[in-house]
Structure formats: C-alpha cells, structure tokens
Amino acid sequence: MTDSLVRARNRTRYPLILLRAMVVTDFKLRYQSSLLGYLWTLLRPLAMFTILYIVFVSFLKIGAGVPYYPVYLLFGIVVWGFFVETTTQGLASLVQRGDLLRKINFPRYVVVLSISGSVLISFGLNMVVIVFFMGLMRVPVRPAILWLPLLFLELVVLSVALAFILAALYVRFRDLNYIWEVLIQAAFYAVPILYPLTLVPTAWAKLLILNPVAQLLQDARYAMVTPETETIVQLYGGAWAYIVPLGITLVLAVFSVVYFKRQARYFAEEA
Amino acid sequence: MTQPAISVSGVSKDFLLPHLRQRTIKGHVLNLFRRRRILEVQHALHEVTFDVRPGEFFGIVGRNGSGKSTLLKIMAGIYTPTRGGVLINGRLVPFIELGVGFNPELSGRDNVYLNGALLGFSRREVDAMYDDIVGFAELQDSMDQKLKHYSSGMQVRIAFSVATRARADILLIDEVLAVGDAAFQQKCFAHFEWLKEQGTTIVFVTHDMHSMKKFCDRAVLIEDTRLVAEGSADDVARRYLELFTPAADP
Chain W
1 MTDSLVRARN
11 RTRYPLILLR
21 AMVVTDFKLR
31 YQSSLLGYLW
41 TLLRPLAMFT
51 ILYIVFVSFL
61 KIGAGVPYYP
71 VYLLFGIVVW
81 GFFVETTTQG
91 LASLVQRGDL
101 LRKINFPRYV
111 VVLSISGSVL
121 ISFGLNMVVI
131 VFFMGLMRVP
141 VRPAILWLPL
151 LFLELVVLSV
161 ALAFILAALY
171 VRFRDLNYIW
181 EVLIQAAFYA
191 VPILYPLTLV
201 PTAWAKLLIL
211 NPVAQLLQDA
221 RYAMVTPETE
231 TIVQLYGGAW
241 AYIVPLGITL
251 VLAVFSVVYF
261 KRQARYFAEE
271 A
Chain B
1 MTQPAISVSG
11 VSKDFLLPHL
21 RQRTIKGHVL
31 NLFRRRRILE
41 VQHALHEVTF
51 DVRPGEFFGI
61 VGRNGSGKST
71 LLKIMAGIYT
81 PTRGGVLING
91 RLVPFIELGV
101 GFNPELSGRD
111 NVYLNGALLG
121 FSRREVDAMY
131 DDIVGFAELQ
141 DSMDQKLKHY
151 SSGMQVRIAF
161 SVATRARADI
171 LLIDEVLAVG
181 DAAFQQKCFA
191 HFEWLKEQGT
201 TIVFVTHDMH
211 SMKKFCDRAV
221 LIEDTRLVAE
231 GSADDVARRY
241 LELFTPAADP
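So the protein sequences, as listed, match chains W and B.
Our numbering puts the first residue of the first sequence at 1, with every later residue one more than the last.
Our numbering puts the first residue of the second sequence at 1, with every later residue one more than the last.
Take these hints with a grain of salt, some might be off.
[Stated by the list, open to error] Calculated from the model, a selection of chain B residues having no Cβ within reach of chain W, i.e. all distances over 12 Å:
no.	residue
1	GLU40
2	HIS43
3	ARG53
4	SER122
[Said to hold, decoys possible] When the alpha-carbon atoms are kept at most 30 Å apart in a straight line, the in silico DSBU-like pairs for lysine-lysine are as follows:
no.	chain 1	residue 1	chain 2	residue 2
5	W	LYS28	B	LYS148
6	W	LYS61	W	LYS206
7	B	LYS187	B	LYS146
8	W	LYS28	B	LYS213
9	B	LYS196	B	LYS213
10	B	LYS26	W	LYS261
11	B	LYS214	B	LYS187
12	B	LYS196	B	LYS148
13	B	LYS196	B	LYS214
The set of hints was computed from the structure by calculation and includes no laboratory data.
Cβ coordinates follow ideal geometry from the N, Cα and C atoms, glycine included.
All chains should be built: construct the whole structure from the sequences, respecting the hints.
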C-alpha cells in the first residue's frame, strides 16, 4: 500500500472503531432494562399509530379518500419519528457526553453520528414492519419505489445536518432543547403526517410542501404506498419547485459541517 | 540533537469565567442591551514553554489551581490554547482519569470493549487481549455483572488493566495513582517503570513529591499560571516545598 493510503486508513480507523462501539453501547443501554427490549422499537410507532388511527380515522374520518390509509399513516409516523429522534437526541448528545469530551481527544462528530446511527437502525426495523403491513394490505409495488433510497438519503442528510447544528448550538445555548421541543410539536401539524394534503387549501399546501420533510414524505408515500397523494410535482406542475426543499437541505448540510468544525475545539471547555 | 517528544511553546490559556458566561438565550439577549459586556477573563496559563525529551519520565507539579491540569489537557489536545502551540512527535495517549467512558449500566465485559474502543482497539483486537485484561485485573468471576455492582477498587483495577494495553509513544498521566490501595499503586508504578524501559515518554502530573522524586528524570513547577522552575526532579521538588514555607528573609 502506498503511504497516503495507509494514512487515510489510519485516519478513518479510530473514528470507525469509536462509532461502532458507541452505537452498540447506545442500543444496549436503550433497551436492556425494559422487559420487551428491542421490541419497543417496533411497539412505539405502532402504539402511536393506533392512537392516531382511532382518533383521526375512526372518529374524524380524515383519511377516508386515501387508499391504504393505515399504511400511509404508519409510514408518515415512522419517517417523522426518525426526524424527531435524530434531531432531539442529536441535540443533547454532546452535552450528555461532556464527561468524555473533557477527558479524551477524539473526533467530536462521532458522538452525533453514533446517535444518528442507532436511530437509523430503529428506522430500518420499523421499515420491516411497514413492508409487512404492505403485504398484509396487498399494496401493489410500482417501479416508482426505486426512488425510495434517494428520498431516504435526503431524510438522513437533512436530519443529521440539523442534529450537528443543534448539538453544537446546545453546548452554548441551554434553552435550545425547550425551543426545539415546541418547534417539533408545531411542525408535526405543519407536515402532512396524519391528514392528506388535499384537505388543505392549495395555496397553503403549496407552502407546506416546500418544507423538505413534507416534500420527501409525500414523495416517499407516492413511491411506496399510493400514487394518489399530492407531491410537490403535482402541486407546482413541475419539478422546478424541488429547488426549495433540496436547496434547504443542501445549505443546512454545508452549514452543519462548517459550523460544527469551527465549534468543535471548544466543546471540551463548554459542554 | 533529537526532536523533543513534546514541545510546548508560549502556551497561554484564558477561560471566560463559567458563572458569567451566558448560557441561555435570555442571557444573550440581555447582553445585547447592555452597553458594556461583562466578560471576565480568567488566565489559566501564561506563556508556558518547555520541551519533553523522548524517553523521559517528566513531572509537572504545582499547587491546586496552578494550571497544571489545564496544561495537561492542552498537551492532550482536549483544550485549544488561546496563544502558543504544542508539537507532539509520536502517538500520545492521555490518562486524565481511569475508566473514561465507563458506563455503570453495562457489564464489565461491555465496558472493557467500550474503553478499548476509546483507546483505538477494534473488537477483534480486544477479543485477542480480553483474557489477559481480565486476568491482570483478577476479575474473572465478575465480568458479566453490571459495573455499578463493582466496588470502586474493582472498577479501578479493570480500568487500569485496559489502560495498560494502550500502545503509545507518549503517555500523559494525571494523578491516576491517587486512587487504589498501596498494592495497586505498586502495580501501577511497576507498569510505568516497564513502559519507561520500553522507551515510552511519560508525562506525570502530581502533588506527591515522593513518587515524583522517585520516578521523574526532570520536571517543571507551575505556580500561579506560570512556569517558575524547570530542572531535575530533586530541584523542582525543593522549589515546590519552598512554596509552602514562608520566606525566612529578614
């Protein structure tokens, strides 16, 4: 091997070892003392689904026009859950590991990535449940499903970028967790998770869909569950509108790297 | 002339006093309206310069609050100096504390793997040395218990046992030896002696002049954020003790 190759491998070796150890630890800690253990990863979104289904479908008849609405709803909850868990747990991650930051010198980004990693594993398990439900309800699989990996990539990039920014900010501003909690609560209703976008006046729908989470969720539902869902392409009559949500995602991603790098050397003093 | 193992040149470190630091948004907003921002700076280190030669057992001594632990953290790359810089030649491993990252909710076994990862060992590497680690700590029967059920002595033993595996050219040690009983301290020092014979550079922060004189080749004395003495362990130990005797000058 050439010298530079060896060096590149040595540089990534330590972060990878750490990342793996932290993800494993996080997963073990999260479920080890609960009776049902890992099952909670699946039971939590299912419980949430049941509640929302009873309230909004049985009583308020909101999803009546949408085919396969239960899968449509569950899928929305799981995607939203990933976004919420990655950002809220990411936000607290650096401060929680302050002890570690003060005592050894290691790449700080590993802390945030390890959280994202363990949330991603839960997300993967949840997707298995969704595929199972799709089979149960005989949802037809269409070629559009091939878009799914790209949409998940957008979801991961967006969530992890926000996690990095929030984590670095939280080291300085300890009010941020409360603010973020409220924002997340509000966003839950601003993203078409439980209601179909068709229920919203078009002008509002056009605004809501510019949120990257809303855009990718609707696209992912289109790809996976049913073509009868409003996506950004249908609302704007063309793909050009993607420039807003994708632009937001890209800007956040670049900013997160720059900002986190700049702040990282002060984490040991401030976390 | 060989390159120094560690070269500390003109290092200063200022902290903003924690209780005055604005940690809330409210604090920041209020600050915007104040004409003069209240920023009290605490100087933790002032223009510290010295070299550690390869293979040396090097002591850093000073009273509480003198800045010696800050210096160690800067050498370890944990803090960024406000001014000046540190050059390191070789792989440096800091032991600011034994058992960093230990989690009381995990078993002894899991903690060994986690701590090993922090030292840069992959799972497979820890697999290979696992029996030795447990054997050295003499804890064969308790590895599947959670760490919180260990006595503090047991925790220190397993932590130290993992730590001895670290492959380093330079070791930074911060009063690790303050913990554990006499037999354990004996074991620690025996290990450090062995490392020294292997050519490892060791930087050792301590209050204990007895062990300092016994092990260190050279040392520096930090007093009130400045380096006030540098030289043989005996000289520096004498200067340190003088700090506590009131000046007898007429």
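To see whether the hints hold, each was checked on the structure:
no.: 1; hint: GLU40; result: holds (15 Å)
no.: 2; hint: HIS43; result: holds (14 Å)
no.: 3; hint: ARG53; result: holds (22 Å)
no.: 4; hint: SER122; result: violated (5 Å)
no.: 5; hint: W/LYS28 - B/LYS148; result: holds (16 Å)
no.: 6; hint: W/LYS61 - W/LYS206; result: holds (23 Å)
no.: 7; hint: B/LYS187 - B/LYS146; result: holds (25 Å)
no.: 8; hint: W/LYS28 - B/LYS213; result: violated (46 Å)
no.: 9; hint: B/LYS196 - B/LYS213; result: holds (15 Å)
no.: 10; hint: B/LYS26 - W/LYS261; result: holds (26 Å)
no.: 11; hint: B/LYS214 - B/LYS187; result: holds (15 Å)
no.: 12; hint: B/LYS196 - B/LYS148; result: violated (34 Å)
no.: 13; hint: B/LYS196 - B/LYS214; result: holds (13 Å)
Violation of the numbered hints given earlier is confined to hints 4, 8, 12; the remaining hints are satisfied by the structure.
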